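As they're listed, the protein sequences go chains A and E. With the working numbering applied, the first sequence closes on residue 181, and no number is skipped along the way. With the working numbering applied, the second sequence closes on residue 1604, and no number is skipped along the way.
Derived from the structure by calculation, the hints contain no laboratory data. Treat the numbers as computed from the prediction; the structure is a model and nothing was measured. The C-beta atom is built at its ideal place from N, Cα and C for all residues, glycine as well. It is possible that some hints are incorrect.
Heads up, incomplete: computed chain E residues facing chain A, CB under 8 Å, no partners named [claimed, not checked]:
no., residue
1, Q1580
2, F1583
3, A1588
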Amino acid sequence: MAKPKVATTSLCGCFGCHMSLLDIDDRILKLVELIEFHKSPINDIKKFTARCAIGLIEGGCCNDENVHVLQDFRKNCDILISVGDCAIMGGIPAMRNTIPLKECLEEAYLNGPTVYNPSGQIPNDPEIPLLLKQVYPCNEVVKIDYHLPGCPPPADTIWEALVALLTDKPVDLPYELIKYD
Amino acid sequence: MSGTLENTVKDICRSHSNDRTRMMDIVREVQARFKCVSSEAMDVIAAAVGTHRVEVESVVSFYTYLSEKPKGKVVIRLCNDIIDKMHGVERVAQAFSDALGIKFGETTPDGTISLEYTPCIGLCDQAPAALINDVPVTDLHRSIARQIVADLKKHMDPKRLVHRLGDGNNAHELVQSMVVNNIRTEGPMVLSPVNRGEAIKQALAISPVEVIRAVKTARLRGRGGAGFPTGMKWEFTRAATGEEKYVICNADEGEPGTFKDRVILTERPDRVFAGMTIAGYAIGAKTGIVYLRGEYAYLRPYLEHVLERRRNDGLLGQNVGGKEGFNFDIVIQMGAGAYICGEETALISSCEGLRGDPKNRPPFPAQKGYLDCPTVVNNVETLCCVTKILERGPGAFNEYGSQGSAGTKLLSISGDCKLPGVYELPFGIKLSEVLKQAGAEDAIAVQVGGASGAMVAPNEFERTICFDDLATGGAIMVFGPERNVLEVADYFLDFFIEESCGYCTPCRVGNVLLKERLDRILAGHGEPADLDYLQDLGETIKTTSRCGLGQTSPNPVLTTLKNFRSAYEALVKERDDGLQPSFDLSEAVGDAEQIAGHKSVHAD
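Okay, chain A solo, but in the shape it has when bound:
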């Protein structure tokens, strides 16, 4: 039987969760015995060409492209996992949620104390994704099956959860792996 496929993406995140995934170190060799990576920044596959068993989502949705990617993941993956606090509840990027979008852009590109922008333009190329009025956690955009909390979730947490899911066993996360204070 073909190995189940796993896709990953980083939406409005810092790639820290992906780094944490790589922190499973040599266990990645065991992982590729269990699965095949499909669309993911790890192998730079850009498009879904096959159905995936699991999609790992890092980051929330801050722009229209994030939404598009996340909905694409939902369509092509059986199980979606929000990995890390940004995916689960917006995280640090969601700090802008109380400030109107226009003010955010003006602070970033016009008024901020370290801004050097002689043209006085706010970037506006059609290629640039448009920001949403606020940052949304993934489960407000599509249905999410599992949540792995942490900033980032430790490598062992990601490993244990993935292996449990792939071997169809109950996940056993000791307290140390899900406590964050």
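Given chain A, put chain E in place with the hints provided.
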């Protein structure tokens, strides 16, 4: 800083003995004088009473009747309770808004008139209603609203807006209000004619312990809603050690749909004060405090007059009723617009001059209440029952009602019924009988016990009003065939979100999450799993909240989920695309499209 402000505020503080625990009186007076408690005034108050500025600011920011920014000379507070909404308050609101040229929450540019919404002001039986400063105006409609604004612009005197007087003491020269009592059934206990002095005479003829025994024999339970046995509460307070003890009358009737205490205080205040005096005798207290909700300030001069009359008659003051060594007097503490202060520990905080935050229990007020002294807090109606028990004996009291719920209950009935008003009925009466008396036979839903109570469906109208079945502090809101019970539940959530003191997370955040999910369902974006979510979250809020507000706030949702399941089920449907129907990309990206001047390539 202006010298006059500083001196005036200092004078006000001095007139309250520079006493920090009198903070409510001080800030209320400053507010009345300057139409705000400004930053400068807060500094002066803090220095004068010897506290931190933040203490003053936390009080000012907590109560809706207090404000740091100046309000108009006249503040129009229009009640937008669910019952008022059913009676067309939106049209009245529009008329006020148009006539004044301002929106709600604003003050006219000349600083004369402010326009605000307020939750229930205890006038649901004559809705839509508003308070104009302290003056209630009732049965409003558009043309009256326009006339009120025109008159105010002429004379700025809310008292002159009263063109007709209500019945009974509403017409008393010290009340002069257009409020009507709407007493539909005058029962044998609370609303029966008062025989002044009789109950106190009977009480003083026996020992305090015997008084408590009489209250226990009568099986009196608290009328505020929780139904704690009154005699037991008194016994605990009597047994507790403390140099001073206090009796507090909870007249902060804030539960939406309740207005029976207003009627008692208007027509039978002597019975309330007698009950407090008897409680004072029973537990060994010298001072009683009536915590009167800010919305009933128009009754205060009359109540002070009644207290003075009792002093003159020897029913208050030194050696009450001729009993050597029994000294007892009553003061009135005004609230300032906070529903949570109806919760007894929050009420005590407020009396102490603090934010109306509930306190941790234990210790219970019976051990450590007002100023850490043993304190009894009783509802207005409970105290009336006490008076009647002493007057007529416990046997004459508990021959009414049911086994677990002795005596009568005052019900405030409002909404879709022909005869809204106050009914004194024996406990154990069927809800269907109550509805029949009120002319509400076509009700499709009845909210029993106010916002925090239960929404009852017609198949349960044969249930009885009593502590063991349908418990209520007195509110019965009737909803007719054209109402949507889910929208009613949604309104109640709005109310709790506004009135939560914010101290504990389950209540502060949980109610917002409940409302978001309910709104999602009402918008047609709900799924069957959302009903389980509402159930789980509602139960979590109930179990983990710190005080009665949070512990009851999910009730409208939980009881409609139970009793009106089909209304929810008709709105939710299973979806298989894995998307959240509540997320609308076009809406989320709209601002950016406008700023960028081009459309999103991903949005439809």
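Okay, the hints, checked on the actual structure:
1. Interface restraint check: Q1580(E) against chain A, minimum CB-CB distance 6 Å, threshold 8 Å, status holds.
2. For F1583(E), the interface hint holds, since its Cβ comes within 8 Å of a Cβ in chain A; the closest pair sits about 5 Å apart.
3. For A1588(E), the shortest C-beta to C-beta distance to chain A is roughly 4 Å, which falls under 8 Å, so the interface hint holds.
Violated hints are absent here; each numbered hint is respected by the structure.
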